[in-house]
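K.L.:
Could you slot chain W onto chain R? The hints should help.
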Amino acid sequence: SQQGEEDPQALSIQEGENATMNCSYKTSINNLQWYRQNSGRGLVHLILIRSNEREKHSGRLRVTLDTSKKSSSLLITASRAADTASYFCATDAGGKLIFGQGTTLQVKP
Amino acid sequence: ETGVTQTPRHLVMGMTNKKSLKCEQHLGHNAMYWYKQSAKKPLELMFVYSLEERVENNSVPSRFSPECPNSSHLFLHLHTLQPEDSALYLCASSPRRAGGYNEQFFGPGTRLTVL
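Chains as they are written, first to last, in the working numbering: chain R, 3 to 111; chain W, 39 to 153.
The shape of chain R in the complex, shown without the other chains (with noise of 0.2 Å):
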């Protein structure tokens, strides 16, 4: 089925460095999006990128799309502890989004 993979895994930064994140998926998207998990709460919505986008910014957030790679990268500039957490993406076909499996940002102080 359809699934966003993230890469890496886990990635372990400074305070103050830049961290990146990448998505692959599968098949056409009406949207893909990025959220943010701390450690056992919910998810939380950070960013939402169309599919006739190719960059779009949020803050220190910075996202990417080809669609013709099907993929996408979040950058987080700056990195603070606090942006310690899982990263998600998700990709929206069409009703329902469909999650990847995130990859865990450390960033030590």
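In case anyone wonders, no lab produced these hints; they're calculated from the structure.
Incorrect hints may have been included.
[Stated by the list, open to error] Coverage of chain R stretches by chain W, computed from C-beta distances (three or more under 8 Å per stretch; other residues unrestricted):
| hint | region |
| --- | --- |
| 1 | 16-22 |
| 2 | 75-85 |
[To be verified] Here are the simulated DSSO-like cross-link-like pairs (lysine-lysine), alpha carbons at most 27 Å apart as the crow flies:
| hint | chain 1 | residue 1 | chain 2 | residue 2 |
| --- | --- | --- | --- | --- |
| 3 | W | LYS74 | W | LYS60 |
| 4 | R | LYS28 | W | LYS78 |
| 5 | R | LYS71 | R | LYS58 |
| 6 | R | LYS71 | R | LYS28 |
| 7 | W | LYS57 | W | LYS79 |
| 8 | R | LYS58 | R | LYS72 |
| 9 | W | LYS57 | W | LYS78 |
| 10 | W | LYS57 | R | LYS28 |
| 11 | R | LYS58 | R | LYS28 |
| 12 | R | LYS72 | R | LYS28 |
| 13 | W | LYS56 | R | LYS28 |
| 14 | R | LYS71 | W | LYS79 |
| 15 | W | LYS56 | R | LYS72 |
| 16 | W | LYS60 | W | LYS78 |
| 17 | W | LYS78 | R | LYS72 |
| 18 | W | LYS57 | R | LYS110 |
| 19 | W | LYS60 | W | LYS79 |
| 20 | R | LYS110 | W | LYS60 |
| 21 | W | LYS74 | W | LYS56 |
All of these numbers come straight from a predicted model, not from anything done at the bench.
For every residue, glycine included, the Cβ atom is placed at its ideal position computed from N, Cα and C.
P.N.:
Showing chain W alone in chain R's frame:
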């Protein structure tokens, strides 16, 4: 918080028990969802309700029984569960069920442990 609440936050139950999970959204949304999140697995969509009508059931075992009495409330009734059903159960809502450009708003989840 996102406007979606879930109770209880933690639940431990035996395999012969019957319990219910509750979800409430205060966002005026028309669609509500149940997800299961197990360790090392992607989030699994279980049920979708749109305007209080169940529109999707992703081959979930009958020991899970959803109920949506109105657009603000969603329940998941549990009975004769198995230890492998232990997981974090997440409720979410969105403005409408159809795709397009909608984000989903998640509750904090119920951590379920089946002994």
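K.L.:
Are the hints correct? Go through all of them and say.
P.N.:
Hints, verified against the model:
Remark: the region 16-22 of chain R is not confirmed as covered by chain W, as 0 of its residues place a Cβ nearer than 8 Å to a Cβ of that chain, below the required three. Given as covered by chain W, the region 75-85 of chain R fails the check, having 0 residues with a CB less than 8 Å from a CB of that chain where 3 are the minimum. With a CA separation close to 14 Å, the supplied pair LYS74/W and LYS60/W stays within the 27 Å bound. Our distance criterion of 27 Å between C-alpha atoms is met by LYS28/R and LYS78/W, whose separation comes to about 21 Å.
With a C-alpha separation of about 17 Å, the suggested pairing of LYS71/R with LYS58/R holds against the 27 Å cut-off. Restraint check: the Cα-Cα separation between LYS71/R and LYS28/R comes to about 9 Å, which is no more than 27 Å; the hinted pair holds. Taking the CA atoms of LYS57/W and LYS79/W, the gap is near 24 Å; set against the 27 Å cutoff, the hint holds. Proximity of LYS58/R to LYS72/R is assessed by CA-CA distance (about 16 Å); at most 27 Å being required, the pair is judged to hold.
Taking the CA atoms of LYS57/W and LYS78/W, the gap is about 25 Å. The hint holds against a cut of 27 Å. Of the supplied pair hints, the one linking LYS57/W and LYS28/R is violated, its CA atoms being roughly 38 Å apart against a limit of 27 Å. Note on LYS58/R and LYS28/R: the hinted pairing holds, with a Cα-Cα distance of about 21 Å set against a maximum of 27 Å. Of the supplied pair hints, the one linking LYS72/R and LYS28/R holds, its CA atoms being roughly 7 Å apart against a limit of 27 Å.
A distance of roughly 39 Å separates the Cα atoms of LYS56/W and LYS28/R; the hinted pair therefore is violated under the 27 Å criterion. The straight-line distance between the Cα atoms of LYS71/R and LYS79/W is roughly 24 Å, inside the 27 Å bound, and the hint therefore holds. Taking the CA atoms of LYS56/W and LYS72/R, the gap is near 44 Å; set against the 27 Å cutoff, the hint is violated. Between LYS60/W and LYS78/W the alpha-carbon distance is near 25 Å, which keeps this suggested pair within the 27 Å criterion.
For a cut-off of 27 Å, the pair hint linking LYS78/W to LYS72/R stands: about 24 Å separates their Cα positions. Straight-line distance between C-alpha atoms of LYS57/W and LYS110/R comes to about 40 Å, which puts the hinted pair past the 27 Å bound. For the hint linking LYS60/W to LYS79/W, the alpha-carbon distance of about 23 Å falls within 27 Å, and the restraint holds. For the hint pairing LYS110/R with LYS60/W, the CA-to-CA distance comes to about 36 Å; that exceeds 27 Å, so the pair is violated.
Note on LYS74/W and LYS56/W: the hinted pairing holds, with a Cα-Cα distance of about 18 Å set against a maximum of 27 Å.
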